[in-house]
Amino acid sequence: MKYQSQKVAAYYFYCAMALFAAQVTFGLVLGYIYVAPNFLSELLPFNIARMIHTNALIVWLLLGFFGAAYYLIPEEAETELHSPKLAILQLVLLMVGASGAVVGYLFRVHEGREFLEQPLWVKLGIVVAALIFLYNITLTVLKGRKTAITNVLLLGLWGIALFFLFALYNPSNLTLDKMYWWYVVHIWVEGVWELVMAAILAFMMLKLTGVDREVVDKWLYSIVALALFTGLLGTGHHYYWIGTPGYWQWIGSIFSALEVAPFFAMVVFTFVMVWKGRREHPNKAALLWSLGCSTLAFFGAGVWGFMHTLAPINYYTHGTQVTAAHGHLAFYGAYVCLNLAIITYAMPHLKNRTPYNQVLNMAAFWLMSGGMAFMTFTLTFAGVVQTHLQRVNGEYFMDVQDQLALFFWMRFGSGVAVVLGVLIFLYAVLVPRKEVVTPGMKTETVPAE
Amino acid sequence: MSEGLTASKARNIFYGGSLFFLVVFGALTVHSHIYAVNTSTDAEGLTESVVHGKRVWEENSCINCHTLLGEGAYFAPELGNVWVRYGGRDDPEGAREAIKLWMQSQPTGIEGRRQMPQFNLTDDELDALADFFKWVSEIDTQNWPPNDAG
Chain R
34 MKYQSQKVAA YYFYCAMALF AAQVTFGLVL GYIYVAPNFL SELLPFNIAR MIHTNALIVW
94 LLLGFFGAAY YLIPEEAETE LHSPKLAILQ LVLLMVGASG AVVGYLFRVH EGREFLEQPL
154 WVKLGIVVAA LIFLYNITLT VLKGRKTAIT NVLLLGLWGI ALFFLFALYN PSNLTLDKMY
214 WWYVVHIWVE GVWELVMAAI LAFMMLKLTG VDREVVDKWL YSIVALALFT GLLGTGHHYY
274 WIGTPGYWQW IGSIFSALEV APFFAMVVFT FVMVWKGRRE HPNKAALLWS LGCSTLAFFG
334 AGVWGFMHTL APINYYTHGT QVTAAHGHLA FYGAYVCLNL AIITYAMPHL KNRTPYNQVL
394 NMAAFWLMSG GMAFMTFTLT FAGVVQTHLQ RVNGEYFMDV QDQLALFFWM RFGSGVAVVL
454 GVLIFLYAVL VPRKEVVTPG MKTETVPAE
Chain E
2 MSEGLTASKA RNIFYGGSLF FLVVFGALTV HSHIYAVNTS TDAEGLTESV VHGKRVWEEN
62 SCINCHTLLG EGAYFAPELG NVWVRYGGRD DPEGAREAIK LWMQSQPTGI EGRRQMPQFN
122 LTDDELDALA DFFKWVSEID TQNWPPNDAG
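Chains as they are written, first to last, in this note's numbering: chain R, 34 to 482; chain E, 2 to 151.
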């Protein structure tokens, strides 16, 4: 840690990890309800548990992004944060909003659009927190060195805030409601979040592999160009069947098929940087998470997205378990792994010590990723069978679901593996062993960055 | 990466191209907005009761179990065409009564069946919800879903 104010990142990471634990716990409950539907059916109905599962995910990923920004921007801009106090205030606001929302959900206080269930006061709190954040990091970047990484990261974070404003617009015409709802949901995860992802990955590559900044910058701009060129019009793949014009079937199919490109570029980028890199960085776990991030994002977002994105295919698969399979691996690969990578990288620096518990951390990677991959396979098979029985044969929804029980049991099993992986990860990051190296040795093995 | 491409060239391509696609996307959105209001949905029929029904739909977070036009939680049946599935095209009154009766008789409590909560809706709210389902079923969705099973 070069700058004292980077310390605030640690608080963001702690809160993110707490919500991560909550997210997977509720995920496990939901997976269990699928196989034992009477479980908690009066106390915690499926819709309430799912709200908490998805909202906790979104909030912890955002907290991770904010933490990553507070960690890497001082280092990139080569200056202290404009105001660490504002950063803490922002975190308090977000945590009050998040816990308020969760408690409210348990008592059936919520709005009704998927993922945007937060009551209005929480939404406005999020806007205020976002404004504080943007003010804080923008001023930091302006007074310091400007790099491609800070440029792209800043643009992505501004985009997140601007497109969130559409969450406040809920037209009574359902078609319009859905159109603008995707302005938040799609343009976040298949647009501006990718900018944040590419920027953080570029920072990690710079630090972990020691390749030239000029090379990293070139890759970074090329990747984010691909992301927005395909991702913006790729929104069209959500506009096939909601009452929007038929031309979206062409635009959506073509551009969303090309959305594979930026993810593929990220795989090539990370692996080429590692091969070219001259640096043997001691934090192997952070490198594993970074490579895992680009690889699993390519499969989850890229391949699994492509699988059902062409309109004639989507006509049959839309809204089946195929979507659930894609959603899980895409979020896990692109954004969960990204956050766990930066947390794994930054925590030793924030604690001012050499990387610790690496083997445990890497074991967590394999268990979590293996579990998530298996979950994706089971849901994909469930989705394909469902598509055939329901969409081709015309059997009724619940009759079809009953025939998928085996897949749902296997999904629950893989969920258990994921939760175990998460627990091991949290232990590895939060409970460092006592420093084993002597101070003299430590200076020799100190990481380059 | 080819040798000819420098970081600043890549940056300019990124900014210029993104702006271009943003403008195209914005223009298509405007067109789609107008199309939705004038062509694919029944703007005349978007009565107070339909709007009320949409509010009931949201207040009870139906979307976190069901899907509506394929979007939602995949845990419970598609409802964009529930009006059609219940025979509302031929017998609107019958479909309305069937939907209301279904809502009132939840949860079934049957062991091993997915449970829908009892939302204790008033008669007005149930009527509004049925009106909302009817209105949604009339959106021109490019013939989705493929069949009545939803």
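The set of hints was computed from the structure by calculation and includes no laboratory data. One or more of the hints may lead you astray.
As the list claims (entries may be wrong) - Straight-line C-alpha distance at most 30 Å; calculated DSSO-like pairs for lysine-lysine:
1) Lys40/R x Lys384/R
2) Lys10/E x Lys179/R
3) Lys384/R x Lys176/R
4) Lys35/R x Lys156/R
5) Lys101/E x Lys176/R
6) Lys40/R x Lys467/R
7) Lys309/R x Lys101/E
As the list claims (entries may be wrong) - Computed footprint of chain E on chain R; a stretch qualifies when at least three of its residues, placed anywhere within it, have a C-beta under 8 Å from a C-beta of chain E:
8) 72-85
9) 227-240
Idealized CB from N, CA, C, for every residue including glycine.
Problem - Restraint status (C-alpha distance of Lys384/R to Lys176/R at most 30 Å) - result: holds, 27 Å
Exercise for the section: With a cut-off of 30 Å on the C-alpha distance, tell me whether Lys309/R and Lys101/E pass. Expected result: Roughly 66 Å between the alpha carbons, so the hint for Lys309/R and Lys101/E is violated.
Practice task
Compare the distance between the alpha carbons of Lys40/R and Lys467/R with 30 Å, and conclude whether the hinted pair is satisfied.
Solution key: With Cα atoms ~21 Å apart, Lys40/R and Lys467/R stay inside 30 Å; holds.
Handout entry: Restraint check for Lys10/E with Lys179/R, where alpha carbons must lie at most 30 Å apart
Key = holds, 17 Å
Problem - Pair hint Lys40/R and Lys384/R, alpha-carbon separation not exceeding 30 Å - result: holds, 9 Å
Exercise for the section: State whether the coverage of the region 227-240 of chain R by chain E holds or is violated, taking the criterion as 3 or more residues with Cβ-Cβ distances under 8 Å. Expected result: violated (count 0)
Exercise for the section: Take a quick look at whether Lys35/R and Lys156/R sit within 30 Å of each other, Cα to Cα. Expected result: violated, 35 Å
Problem - Pair hint outcome, Lys101/E versus Lys176/R [Cα-Cα no greater than 30 Å] - result: violated, 62 Å
Exercise for the section: Three residues minimum, CB to CB under 8 Å: does the region 72-85 of chain R make the cut for coverage by chain E? Let me know. Expected result: holds (count 8)
Hint violations for this structure: numbers 4, 5, 7, 9, all remaining hints satisfied.
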